[in-house]
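We have chain L already, so just place chains U, B, H, D, F, S and Z on it with the hints.
8 protein chains.
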Amino acid sequence: MNSLELLKLLESVQAGKLTPAKAIERLKHLPFEDLDFAKVDHHRTLRQGFAEVIFGKGKTPEQIAKIVRAMLAKKDSRHNILITRTDAKTFSAVKRVAGKESRLAKFHALSGVITIERSKEISGKGTILVVSAGTSDIPVAEEAVLTARMMGNSVEQLYDVGVAGIHRLLEHRSELTEARVIICVAGMEGALPSVVGGLVGIPVIAVPTSTGYGASFGGVAALLGMLNSCASNVTVVNIDNGFGAACVASCINRL
Amino acid sequence: MNSLELLKLLESVQAGKLTPAKAIERLKHLPFEDLDFAKVDHHRTLRQGFAEVIFGKGKTPEQIAKIVRAMLAKKDSRHNILITRTDAKTFSAVKRVAGKESRLAKFHALSGVITIERSKEISGKGTILVVSAGTSDIPVAEEAVLTARMMGNSVEQLYDVGVAGIHRLLEHRSELTEARVIICVAGMEGALPSVVGGLVGIPVIAVPTSTGYGASFGGVAALLGMLNSCASNVTVVNIDNGFGAACVASCINRL
Amino acid sequence: MNSLELLKLLESVQAGKLTPAKAIERLKHLPFEDLDFAKVDHHRTLRQGFAEVIFGKGKTPEQIAKIVRAMLAKKDSRHNILITRTDAKTFSAVKRVAGKESRLAKFHALSGVITIERSKEISGKGTILVVSAGTSDIPVAEEAVLTARMMGNSVEQLYDVGVAGIHRLLEHRSELTEARVIICVAGMEGALPSVVGGLVGIPVIAVPTSTGYGASFGGVAALLGMLNSCASNVTVVNIDNGFGAACVASCINRL
Amino acid sequence: MNSLELLKLLESVQAGKLTPAKAIERLKHLPFEDLDFAKVDHHRTLRQGFAEVIFGKGKTPEQIAKIVRAMLAKKDSRHNILITRTDAKTFSAVKRVAGKESRLAKFHALSGVITIERSKEISGKGTILVVSAGTSDIPVAEEAVLTARMMGNSVEQLYDVGVAGIHRLLEHRSELTEARVIICVAGMEGALPSVVGGLVGIPVIAVPTSTGYGASFGGVAALLGMLNSCASNVTVVNIDNGFGAACVASCINRL
Amino acid sequence: MNSLELLKLLESVQAGKLTPAKAIERLKHLPFEDLDFAKVDHHRTLRQGFAEVIFGKGKTPEQIAKIVRAMLAKKDSRHNILITRTDAKTFSAVKRVAGKESRLAKFHALSGVITIERSKEISGKGTILVVSAGTSDIPVAEEAVLTARMMGNSVEQLYDVGVAGIHRLLEHRSELTEARVIICVAGMEGALPSVVGGLVGIPVIAVPTSTGYGASFGGVAALLGMLNSCASNVTVVNIDNGFGAACVASCINRL
Amino acid sequence: MNSLELLKLLESVQAGKLTPAKAIERLKHLPFEDLDFAKVDHHRTLRQGFAEVIFGKGKTPEQIAKIVRAMLAKKDSRHNILITRTDAKTFSAVKRVAGKESRLAKFHALSGVITIERSKEISGKGTILVVSAGTSDIPVAEEAVLTARMMGNSVEQLYDVGVAGIHRLLEHRSELTEARVIICVAGMEGALPSVVGGLVGIPVIAVPTSTGYGASFGGVAALLGMLNSCASNVTVVNIDNGFGAACVASCINRL
Amino acid sequence: MNSLELLKLLESVQAGKLTPAKAIERLKHLPFEDLDFAKVDHHRTLRQGFAEVIFGKGKTPEQIAKIVRAMLAKKDSRHNILITRTDAKTFSAVKRVAGKESRLAKFHALSGVITIERSKEISGKGTILVVSAGTSDIPVAEEAVLTARMMGNSVEQLYDVGVAGIHRLLEHRSELTEARVIICVAGMEGALPSVVGGLVGIPVIAVPTSTGYGASFGGVAALLGMLNSCASNVTVVNIDNGFGAACVASCINRL
Amino acid sequence: MNSLELLKLLESVQAGKLTPAKAIERLKHLPFEDLDFAKVDHHRTLRQGFAEVIFGKGKTPEQIAKIVRAMLAKKDSRHNILITRTDAKTFSAVKRVAGKESRLAKFHALSGVITIERSKEISGKGTILVVSAGTSDIPVAEEAVLTARMMGNSVEQLYDVGVAGIHRLLEHRSELTEARVIICVAGMEGALPSVVGGLVGIPVIAVPTSTGYGASFGGVAALLGMLNSCASNVTVVNIDNGFGAACVASCINRL
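Protein chains in written order, with this note's numbering: chain L, 1 to 255; chain U, 1001 to 1255; chain B, 2001 to 2255; chain H, 3001 to 3255; chain D, 4001 to 4255; chain F, 5001 to 5255; chain S, 6001 to 6255; chain Z, 7001 to 7255.
Next comes chain L alone, as it looks inside the complex (with noise of 0.2 Å):
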């Protein structure tokens, strides 16, 4: 609607019914985004090619239902959807309002989420590999695993390879050098991202995750360690935030 007021003046223009004098005076009074600022999304969109995403905590799976419904019912989009934190009640609610492609909906419990995986292209140029330290650190882990996944990397994973037993990191060196981005999961003091990211030369982002009691205070140790690595292409994600690193390690995916 806002083109076609503009459309207006710009007529008015060219029927010399208006002075470009004058149309620049009330040019700089139309909200400018009138002009261009929704394609500033589109564009955002197609350079990302993020899969659509719900952050499910503090959402009814009524209200989560509801979004997917409307995802699903854009037609010339085949996205992945990815809900986070979420949990079985939710899936049940995604599932019946999913149609035909119910079929394509996961509940990953580990993590609570909900994948709706409609489109395996793989956009990503090489493999994101996902490492974490305990097994309680794998929740986090798997978040990170599966929001790469959908949004088009080829993604490995590498489970269980905390620094106080540095061999069993040691013996998939390999993996870890064949990557193009590496995630790296910790909870307790945080060390893994420093060891890994001294035995690679490519970029590692640190996850901290909440593992741990006492002075680990909810990931704060772990966090702390991690800004603090003493390798210099570690960075780092929130605590816990599996899915945030997985949109870093995404973006750096793609260029």
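Read the hints as simulated data drawn from the structure, not as lab findings.
Remember, predicted model here, so these are calculated numbers, not experimental data.
Glycine included, C-beta positions come from ideal geometry on N, C-alpha and C.
The reader is advised that the hints may include incorrect statements.
Unchecked claim - Here are the in silico distance ranges between beta carbons for each label pair:
{"hint": "1", "chain 1": "S", "residue 1": "6160", "chain 2": "L", "residue 2": "110", "range": "43 to 49 Å"}
{"hint": "2", "chain 1": "F", "residue 1": "5101", "chain 2": "B", "residue 2": "2060", "range": "51 to 57 Å"}
{"hint": "3", "chain 1": "S", "residue 1": "6173", "chain 2": "U", "residue 2": "1062", "range": "33 to 39 Å"}
{"hint": "4", "chain 1": "L", "residue 1": "156", "chain 2": "F", "residue 2": "5122", "range": "42 to 48 Å"}
This is chains U, B, H, D, F, S and Z only, laid out in the frame that chain L set:
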């Protein structure tokens, strides 16, 4: 220059060289700031009547003098000039560049503020009252007083009325109720804004100071006290931010 | 009764039974609130036009119902009644005691607020605009909206305009500039007030929310972000304190 | 028994079987508690007249009932019994074991305290006044009141006198000045002890409460406020520690 | 002057020029401090017998000397004068203005305290014992000792009795039990007050010091230790606040 | 399989098909874990004689039972099995899979530990003494006791010897001096290790517990107290980490 | 030497003096670093093309000069040399040892960086854009710019585009979208990366700076803001770590 | 003297002047330290073989020199003397008083330690290995090395083996496994003890250092990392406490 570019585009439309539809296309690719955004800043200045402000911390005397010279060189502006968090050495440098306006320049040693008061016009509607608790809160209070004054407000001050001698504060009830906005500066336990807030029905801007020692943690105790104020007309700015409190108070006082 | 006591004392003076000097002595030992203080509170209510407010947290449905009944029993008051941080169960209890005014009672589930809107009179001079960043900030925003409305203000709202999609905010520039006071509700990094503050010349009350996870530390990240805002017209209230922000905004809007 | 052992040793000396020098040697190897230490505790009880106290948190009803039974079984003691941080279920268990003293047992639901008041003797010299700020501070205040009473003090209380309505506090100036020790309970910004401390010349024991939300951080804001009090007769105990405040006040009141 | 004003009002009543009812009206508009409040402060001084105190930190030698001169100029006062957190340079300035009383002035370098002891009268009822843990706690302990002495107390001291050499403390059990109030100064883990509190039945004022390094966090470790003391007769003042501890102890010692 | 690969390489050398120099080249590209690393872990187990340990938190009863069955299935091992941070439900599941060894399985409800003590062999050289302060520290102390015992140590325990009743600790001086390593468990102010450390000349492993409330901050106060211990033979493990303390103590006791 | 040892072993196999099986046994006891590890570091350098870097903080001018001389002495390397966190005095020392390359040495006073740019070869694939918020963030931004340049990247910079003047940032939308990686440097509330991240589809490395005062807590406010960014393509490095951000950006830019 | 007093008492018993029963009474009132406690300290020194230690921080050169002179004056002691956290000026003062032993005095500038090594006797049973991560950790490591040596231990050191270059550590596996106790010094993320702890079966004493910047928070990041170590043979001492780590290691090494 961009307006020029736009003018040319519109003249092409006027001249029939460019259809309105194509003009829209090209308009979308113009950087939008060319249309409208410079105005934003301009409007803002008009609306706020803000003095010209230099945050002195981290700038050399020479850098500050240079900025002042540029400000004074603007022909059509008689804005007051305010330099916060600075020192006597900078004051000398400022005096040297200030030319005939150097006699208006003053250095306020307690708060480390330099003022060049070129206009005494009062644009705020009522009085801003700056209340402070202890003698060591005075530097921050003075920064607030000078800032509010430079921004065109009538300012009163009420010092040394800490809550442990509540009668000193109560003796000044009339000043409190006659103000339009109150800035309340306090360190240590930061209790003053709660008491003041309870005595009046106008907005109270609380400024925690880094006054105190030990568990005052450089003003954190006062900050938390103020954020948790049981008086519902209290808002808070950053520790020692007398300048910020005066900006907000000035905003309110123009409404 | 105390006025009575004072009256007697003065009558003794009048009757010559007590010298003025002795009367002074005795006056000094009267509790001073007998003279003047009850008035304070009264004045304050007049000046602020505050709705009657009950902070529901930690009170049983029965306790709240009892307070409401007492409020409604006051013959000469048509104040709106506002109950914050409460629930549906309390709403039933309130309905039961509200008599013929029960049809005015409403429960707002999202924010846990009960309103009994007995007067629609607008006493605030302009519009209070409540802006919020993400969907999970809405409960706090709604508490602010309802509080401001109950206190006699015209209120507008603008939701879901987070800084990572800056164009959505910019599309609403006109609403921003038309408001008289802005309440800005945001969790996570708490960046919205800085951007909003930079776009307008009016006071912005920032409310950090406990939205987020990990290193958001229950709203501390947003709180710190807001306290350190680079926009100088921003002040801050406590985490999740939508009510307090609306009180301050209402104070300002009456000036 | 140890005294016995010592007696034997001394009898050996008396009997000439052991030289004094050798006795010294052997004395040095006796565990010294045999000589003197049991007395310490005894003395302490005599001196303090402490009620018998059970910290209920983390103990089962059965464990508490068992301890109470043992206390009541002591023939020569008429000490009051105080159980803090407990619940109604424990109260039933205590009643069952209390025999004929069960009619003295009372459960105070607000503070979760059980009292068995076997003696009404007042051993404190003056009155302990418990002052509290908001309604949600009352549970902690009540714990203080009951503890002080069980320890043989005359106790008065003054509730709901927060600093944002300073006149309510000032109306009670006479109660404040008539007390011998004041316990001051407050959450949120913890400003009450500063104001109270400034009005009196007696010791003020400040108790921060975990009342509040957001940046009150479970009582930390109030705690810091109190530690930084600008009144010099204020000391502080742990958050929510009404019991501890009453112990100290009772200590002082016996001096 | 205000009493004068009041006197006139009452004389008008006496003279029949003003009815008692009208007098009440006019009384309500008198600033109430005119009636009664100056007395408050006066009473407080009488009751507390406090020495005159100057908090030296943040004041120049000249400012302090000026205040001292004013104090000495008061004809009818023989109060001791105490200046805390000051230095040798200030001491010289004070000596210069002290006239014939300059021989009473002493500088205590360890604690940075200046005393002008004009009266040796003891008004406290018992002995205040200042106990400290390590050699680096002595400055704070000395501040407490001097403050308590200037306020008219008999003071004893017991230094270097840290808990890691528990026998050194136990050797002085008699001093502990003979005191009326104990001030307990300790840095590092702040454990001393718990042990001392367990050995006596009198109030123990704990002063954390900023002694230590690393995870002592400038006294926070000691502060937390003391707040969590398992001895129930311990209260706490701010870090390094020897002055405050002595004020409270002095308050108690006058009871 | 890798050994196989290596064998082939060496056979090629032996057969003269590969020169030693070329073999070195190829060896460098073999993943080194193929050579040697599995052994590392094996050595470590031999050296430490550690029991088999399962950290129960976050694992389902079924998962734990499955791990236990696998452990019991190892023919040549008679290691004790220790499951920490678990519950009665898991104990039932473990019993079901334990077969004839189920009679050795015990559930320790206080600490939530399951033990299957298959060997009573003592391999530690001296006694590990576990000392604890309050009754609420006992669960953590018990975890330490059971862990140390399962790892083949002679263990003694000394409970309820908090520093506020120092004589109770001193009565047990002989137990303290007879131990080879001491584990010291304490919450609240965490002062016990300092006192114990001062009484002995052996290593003291301090375990802070999350016992307490308010400013104990879930064990942080105790943790800081212990880190700042003035006794120089004290080291610290994480909050509530009775298991870790026993591991270290066991390490030391084997030296 | 170890290769020698290995060679002998293999020669023994070749000579038939050692069976392959026995050789395996002996190989297992060789320290594995003899085989392969030196190579690791070498590979890493090759892969990363990192400049030679010296972290200057805590090193004397002499120490740094010595390291530089050693670097320059390596015949076959033309690596750039980068010294961070250093000063003018060190620069003189470096110049003295740099011989004919001293003319390539430059000191960047703002960021305290010394560069010796021996190669201008660009190995990064795209442009790294360094965006910063305020003038006081420039030192950190410059450290990032210089590091990225020394590591062979094409670098652009965009300064003074804080979020409170959002239009200044929006004016440079094209630079943002043309970059391959963005480094975003901001202090205070750290909001810039969220806004920038929302405008682009490429990775954004956020660097919090210690700019600000009061509740900025030396960069903690900015750090938390960035960790909680609502833009999903943002990762974070340590406070003031311009160097680290550039390392990661360089890593990414080589992919 | 007290023994004398006791002797007299016993002689009175022997002489029949005092009955054993009365003697017991009188014994109870003797300060118990007279019996036994001096011995405690003596025993402790014997048992620990500790060097004489002076904590230099906060002491003047003169004070330290005086203490050293007193130590050297003890005829029957050949203990080593260790002064930590001191400087070159103090060293001169110490040399002056050391007489003929001055040639044994050495100043270690890196760690600010003075040693007077009067005895080279080795009383520790094995080797203490001090491992450190970065070059800036060396001062703390050196303090540990010198302390351990002065206390009669054989000490080895292994510097610059940070976890980001894991192979440098692994190259020294044999040193690690040959030690009896390991002290592990690391700043930044504090990950080294976890890796080291996983490679050995002996106790690892972790020392966090205040190395680093930004979110290292003066060693807190490293401290938390170490407390949360996933290796179960790691304990922790205070930040920068190389001395304390060596004391504990020495304790263990004597077992």
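Evaluation of the provided hints:
Checked against the given bound of 43 to 49 Å, the beta carbons of residue 6160 of chain S and residue 110 of chain L, roughly 46 Å apart, stay inside it. Between residue 5101 of chain F and residue 2060 of chain B the beta carbon distance is about 54 Å. The supplied range of 51 to 57 Å therefore holds. Distance hint for residue 6173 of chain S and residue 1062 of chain U: a CB-CB separation of about 34 Å, consistent with the stated range 33 to 39 Å. In this structure the hint that residue 156 of chain L and residue 5122 of chain F lie 42 to 48 Å apart at CB holds, the actual value being about 47 Å.
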